[in-house]
Amino acid sequence: MSDLEAFRKETRAWLEKNCPPEMRKPMQSEEEICWGGRKWKFHSEAQRVWLERMAEKGWTVPEWPKEYGGGGLSREEAKILQKEMRTLGCRSPLDSFGIWMLGPALLKYGSEEQKREYLPQIVQGKIRWCQGYSEPNAGSDLASLATKAEDKGDHFLVNGQKIWTSYADKADWIFCLVRTDFSAPKHEGISFILFDMQSKGVSTKPILLISGKSPFCETFFDNVEVPKKNLVGQLNKGWEIAKYLLTHERAMIGGIGLRAAGRPVSQVAADSVGLDADGRLADPVLRGKIAEISVDEMAFVFAMERAGDLAKAGQANPAFSSVLKYYGSELNKRRYELLMAAGGADALEWESKRSKEGALARAWLRTKANSIEGGTSEVQLNIVAKRILDLPGA
Amino acid sequence: MPLVLNDEQSLLRDSARGFLAKNAPISHLRKLRDQRDETGFSRDLWKQFAEMGFAGILIPEAFGGTGLGYVEAGVVMEELGRTLTPSPFLSTALLCAGAIARAGSEAQKKENLSKIAAGARIGAFAVDEHSKHNPSKIALSAKRSGNGFSLNGTKSFVVDGHVADFLIVAARTSGEPGDTKGITLFIVDPKTKGISTERTIMVDSHNAARIAFDNAQVNADAVLGEVDQGWKVLEGALNVGRTAVASELVGAGEEAFSRTVTYLKERKQFGKRIGEFQALQHRAAHLYGEIEITRAAVLKALQTLDEHFDHAGPIVAIAKARAGATATLAVQEAVQMHGGIGMTDEFDIGFFMKRVRVAQELFGDANFHADQLARLNRY
Chain A
0 MSDLEAFRKE
10 TRAWLEKNCP
20 PEMRKPMQSE
30 EEICWGGRKW
40 KFHSEAQRVW
50 LERMAEKGWT
60 VPEWPKEYGG
70 GGLSREEAKI
80 LQKEMRTLGC
90 RSPLDSFGIW
100 MLGPALLKYG
110 SEEQKREYLP
120 QIVQGKIRWC
130 QGYSEPNAGS
140 DLASLATKAE
150 DKGDHFLVNG
160 QKIWTSYADK
170 ADWIFCLVRT
180 DFSAPKHEGI
190 SFILFDMQSK
200 GVSTKPILLI
210 SGKSPFCETF
220 FDNVEVPKKN
230 LVGQLNKGWE
240 IAKYLLTHER
250 AMIGGIGLRA
260 AGRPVSQVAA
270 DSVGLDADGR
280 LADPVLRGKI
290 AEISVDEMAF
300 VFAMERAGDL
310 AKAGQANPAF
320 SSVLKYYGSE
330 LNKRRYELLM
340 AAGGADALEW
350 ESKRSKEGAL
360 ARAWLRTKAN
370 SIEGGTSEVQ
380 LNIVAKRILD
390 LPGA
Chain B
0 MPLVLNDEQS
10 LLRDSARGFL
20 AKNAPISHLR
30 KLRDQRDETG
40 FSRDLWKQFA
50 EMGFAGILIP
60 EAFGGTGLGY
70 VEAGVVMEEL
80 GRTLTPSPFL
90 STALLCAGAI
100 ARAGSEAQKK
110 ENLSKIAAGA
120 RIGAFAVDEH
130 SKHNPSKIAL
140 SAKRSGNGFS
150 LNGTKSFVVD
160 GHVADFLIVA
170 ARTSGEPGDT
180 KGITLFIVDP
190 KTKGISTERT
200 IMVDSHNAAR
210 IAFDNAQVNA
220 DAVLGEVDQG
230 WKVLEGALNV
240 GRTAVASELV
250 GAGEEAFSRT
260 VTYLKERKQF
270 GKRIGEFQAL
280 QHRAAHLYGE
290 IEITRAAVLK
300 ALQTLDEHFD
310 HAGPIVAIAK
320 ARAGATATLA
330 VQEAVQMHGG
340 IGMTDEFDIG
350 FFMKRVRVAQ
360 ELFGDANFHA
370 DQLARLNRY
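As given, the protein sequences belong to chains A and B, one line each in that order.
For the record, in the first sequence the residue sitting at position 347 is 346 according to numbering that gives the first Met the number 0, with numbers rising by one throughout.
For the record, in the second sequence the residue sitting at position 334 is 333 according to numbering that gives the first Met the number 0, with numbers rising by one throughout.
Incorrect hints may appear among the rest.
[Stated by the list, open to error] In silico DSSO-like links for lysine-lysine, alpha-carbon gap of 30 Å or less:
#1 Lys185/A - Lys38/A
#2 Lys231/B - Lys82/A
#3 Lys264/B - Lys288/A
#4 Lys185/A - Lys264/B
#5 Lys385/A - Lys264/B
[Unchecked claim] Sample of chain A residues with no beta-carbon within 10 Å of chain B, all distances over it, derived:
#6 Glu4
#7 Glu9
#8 Pro20
#9 Lys24
#10 Glu31
#11 Glu51
#12 Glu75
#13 Lys82
#14 Leu106
#15 Gln123
#16 Asn158
#17 Ser182
#18 Glu224
#19 Tyr243
#20 Phe299
#21 Gly343
Hints in this document: simulated from the structure, not taken from any laboratory.
Beta carbons are placed, not taken as given, at the ideal position from N, Cα and C, and that holds for glycine.
Excised from the complex, chain B in its bound form (with noise of 0.2 Å):
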């Protein structure tokens, strides 16, 4: 398959960044963290995202999705990345909607896929414990008790999962802290009893939350997959949320780059143009290059993802290694080269400073994957 969009993909890359660009600017952001807005996103916009069939982008078709791939996913995900948006998306449509989609009961699919599509259900992945991400260390326990399973613990940087109509948690129900064995997911409503959830509004003003179980009970029919096997399915949604963040990254830092370009050829200082001078022409051309270079690299993994779903690892690593490095430093250099206005909060380039840090540890920062790298090649 060509390493470029097809004319479908480009047209919905288009639309996606006409709708956002329209509904949804950087200044949307702004307002939502100015007015402290009692839940950091808008409902509204998540219908009319969802209208536009987004939300159920890999819901099959027999349960009101549009039934697309990982490609398209990840260029709905890189327009959200020029506009900082917050949305569900990512949250729900990718990661929820994709788990349950690929594995889950049809009960549960009947249950969740139909609203998610329609924008009236909203999801959130709960795998992290620590500040830094590392899935097989889960230890939330989840012991047979009743009917079915009594949790334990703590998740944190849960993304939407302050605005979670469900969760999906990762848990421990066999083996040790570090083995992939022995983990399993739920389905859980956070309004039951023994779950507590605390909003965190990170750095970026996008939201997650920390939520703790105690001895919260859940059935057997929560579960999502099978019992002690959850490892792969798990390992799937992270790899589809690594690959649509690493898109968003490369939205994110293109847009820093390309604001930072137009900025390059409007001020003037010395009675030129700043473009002028070489220093700033040779790391501007710098960027140029990482940028695309990781563009590639990432649509590698969407495609790959869509075709080979299981052997897409190495390619995911390679993908958000090089999505977080590259976006990191594009929105450092655009900070610079703005100079003193880049770091007023009146002017919008520090805004992807700060959403770049957070995707940038989301699900795994560039150590964490070139690591794995090193891992999966046995050294």
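Same shape as in the complex, but just chain A (with noise of 0.2 Å):
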């Protein structure tokens, strides 16, 4: 038996050791992820156990090094991993921004010290991270941010308002862009810093969205002290990290269909337009466009195995994290108006208990922002016009 033969023997039993049942349970809504943090609530012992058995593996982020406390897993390693997981049906321990985005920058950025004192954090859903990047006047131009940190000595003073920071009420930390020199272009003077929510100055307010939901806040900096050492990598220097870690955060919008809860398409299609005499949804066009969207979902799938592999064999093309964005985005918007189309008078009700307080809907609200957050999908065109097909004037 190879090496990889018996390391995917030895996950299944684990797993089927230690994944409580009712986390093989598909999730019925995007309310039941576990975020993690200081001020989390665990909707179920379940939950609890399964977090914490997964973080002493520190298999929540089974390809980061175990010196910072991850699960040290090779590639081929960490796709047998989510391959047993995904058969089992063992739903994600912790999503995480520290995860999909701190994380990554830190560990390529970041000071040793910083990496010691963060990551562990990271992977054990101790702290809870939010990323401050726009701005009212930043948005698609986000490197014309006008958030201040001033040097103070030991300190930098910080005086300014982000917009649209997902969960900042919720969360422990911030990563943060803010201006250090005024003075230079543009991209040359942001500088990338990390501080606590609780510091003096900080408050957040949430923004009542389309969906009735405020997953988005305006968060405001008045005063706040930042110790020096919080600065990652070199004042001014900010602009390589803040993209670098967009590289990773795209990739996670655009996989944000992926972890998708609740049940497919088809099945939902199924309840209301029913099938005919042969098997097949009575409702042959919009039969038609479900299969069409399956076979993109499917090999969107491989698209991101594929950009993984990729990366690891060095031949990644780092503004493809755009091509994933755009199209992931893009195919959860279509998925969602299906699934409207599919659910037909029933989805809509917004109010009411067989609807779950109107959770389709909602949901389906909510995916209008995924081609909008990150970088809208004309910017991600923009980087891969520029960045990969190198297109004159892009």
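These two chains come separately, so use the hints to put the complex back together.
Below you can see the structure in the form of structure tokens.
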């Protein structure tokens, strides 16, 4: 038996023994995701135990180095773990911006001290991070951000405002882009700093969205003191880190549909339009559209896998994350349009028991942000045109 | 297995690419067309292809082949797609040799495989009977007669059927059109009495045949595999064909795209290179993404054929559906972005549009495969 085959067997056995049965049922909605953090209240004992056991093995982040609490798995081993988890229906033990975004940036740009301080807490889900990037006047043109951090000797004094900060009101710490040099060209005066959301002068205000929910906040900084040691990388060189982190954020948002909870579109449609005598959906046009998106969804799963393998092989273009972000977010919007079409009038109920208080309609509306957050679809296409296709003037 | 080509596969790609760029660029196809070549392909080129080991890519070394796998077959198909080269590689080396290597008797292997590997024997795979691919509807009948079977019916869109030394024919020995049981494969000499072949030159200047069987008598030892149990062998061969054509579509689509991007960087209008216009940039960037996502799906299908041949069906359907749709978009954008010159026969880009239309149709178009996937998932 090869090493990988042995690893597969061990992994399967470990998961069967350690993943609680409740954590092997499909999630009914995004509400059931485990985000962790100081303020986190576990939904169930099973959710707590599952996170604890996976974190202990470092398998919340299978490919991070062991010295920082990660699983230390090779790419092939991590794929096996992922596949076995999918086979058994195991839920993700922990979703977090620390895992998807900050972690990779710290691994590349952080000091040894910063890695040892922050990475293990991310692995264990102890600290929940949010991202201070967009500002009211710095959206697609992110580099024009104006939140300033003044050098006060042993600390920075931060003043300004962020917007669209996901879950800022639930987060413990923020990774934040600030302007540390106002005289330099806009890309060259930005720094990347970390601070506690409980610091004096930080306040958040949730923004009510069309979905009736508030996943995003306005975040205000009023004379916030941030210790100098919380600067990641070099002063005024934060844009490089920001861009690197964005490639990870984009891959994460691109994959958003793959983590989607709930029933497949074909089942929702079968319930509402029924099947014909041959066992096919009775609405042939809807059936065709569902079949087409199924093709695209599976192809996209393979594209994500290949992107990871190319990165591992050193053959990846970093801008490829823009392709994944663009395609994945557009795909997710398509999926929810079809879910709404398949669900018909039932899917429109906003306040009713059987609709779980409009869960589907709210999720559908939420997806409209997928092609805006983390850089709009149009910005992603600009990046591909410039960085991959090398088109003139792009 | 990582979803990337390994070093040997990359070398194979480079060698196929180098060979075809030198010996069979698009001017090769154009010349065959313009000279109204009587076979529509070059036997010399096929011989050279065999000398490089390509004709025996799926044939075991014991029969003179190189015994490589489906990923390697796909790598070569992709390169053929870039140059649009008419070649018996698909019909002979992949469909026929593959089916005989997997399901043939020792005698059938001996008779065919080493000659195929040497480039000395051309085979054609006869499945379709109607304008749309639908293999379970096979109606061509094979009735027991004397020491063998008597074949009656018609096959069409038989790729390379006009020059084949032998045919593999999917026929019905029992059941009704629509049943997957009751299908039998036969290895047939096209010179058999009762068989008449009409060459059909297709829109892409590649060739196929319409073949009529009128009480054509074949011996019992012509059966490939088992009587009535041919569906599995047929489906296997078709899955190889579908994935191979999907690879070709990736090659053709990507080449058309790459020529278009080059054109966007050169052509000037309104005092600018047209690639500076965001309307075109975004469409080009979108198409790039589609091609790369399709490439991943096709490679996954090829790897699955190598690792889990009998379970490849759903992934093959995804790959062929994606490849057909993506390459179609690529050639449509290519002609549109080239503008007037893209419509001229003198310019090569139109050849891509024609080939992609044929390859999209071959062994099931995007609609057929999306429908297959829906059936497999019971909706």
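(request) Evaluate the condition: distance from the CB of Leu106/A to the nearest CB of chain B exceeds 10 Å. (result) At about 21 Å from chain B, Leu106/A clears the 10 Å cut-off, so the statement holds.
(message) If we take the beta carbon of Glu4/A, is the closest beta carbon in chain B still more than 10 Å away?
(response) 13 Å, holds
(request) Measuring Cβ to Cβ, find out whether Glu224/A lies farther than 10 Å from everything in chain B. (result) With a cut-off of 10 Å, Glu224/A remains clear of chain B, as the shortest Cβ separation is near 43 Å.
(request) Assess, step by step, whether the Cα of Lys185/A is no farther than 30 Å from the Cα of Lys264/B, and give holds or violated. (result) It holds: about 29 Å lies between the C-alpha atoms, which stays within 30 Å.
(request) Run the C-beta distances from Ser182/A to all of chain B and say if the shortest one exceeds 10 Å. (result) Holds, since 31 Å exceeds 10 Å.
(message) Please check whether the beta-carbon of Asn158/A is more than 10 Å away from every beta-carbon in chain B.
(response) Holds: least Cβ distance 36 Å, greater than 10 Å.
(request) Quick one: work out the minimum CB distance from Tyr243/A to chain B and report holds if it exceeds 10 Å, violated otherwise. (result) 21 Å, holds
(request) Given the hint that Lys264/B pairs with Lys288/A, test it: the Cα-Cα distance must not exceed 30 Å. (result) Between Lys264/B and Lys288/A the Cα gap is close to 36 Å, so the pair fails against 30 Å, i.e. violated.
(request) Just double-check Lys82/A for me: nearest Cβ-Cβ distance to chain B has to come out over 10 Å. (result) Lys82/A clear of chain B: closest Cβ-Cβ about 12 Å, beyond 10 Å.
(request) Beyond 10 Å from every chain B Cβ: check whether that's true for Glu75/A. (result) 7 Å, violated
(message) So if I understand the rule, the pair passes when the alpha-carbon distance is 30 Å or less; does Lys185/A with Lys38/A pass?
(response) 36 Å, violated
(message) Just want to verify: Gln123/A was marked as not at the interface with chain B; is every Cβ pair farther apart than 10 Å?
(response) 30 Å, holds
Violated hints, listed in ascending order, are 1, 3, 12, 20; each of the other numbered hints is respected by the structure.
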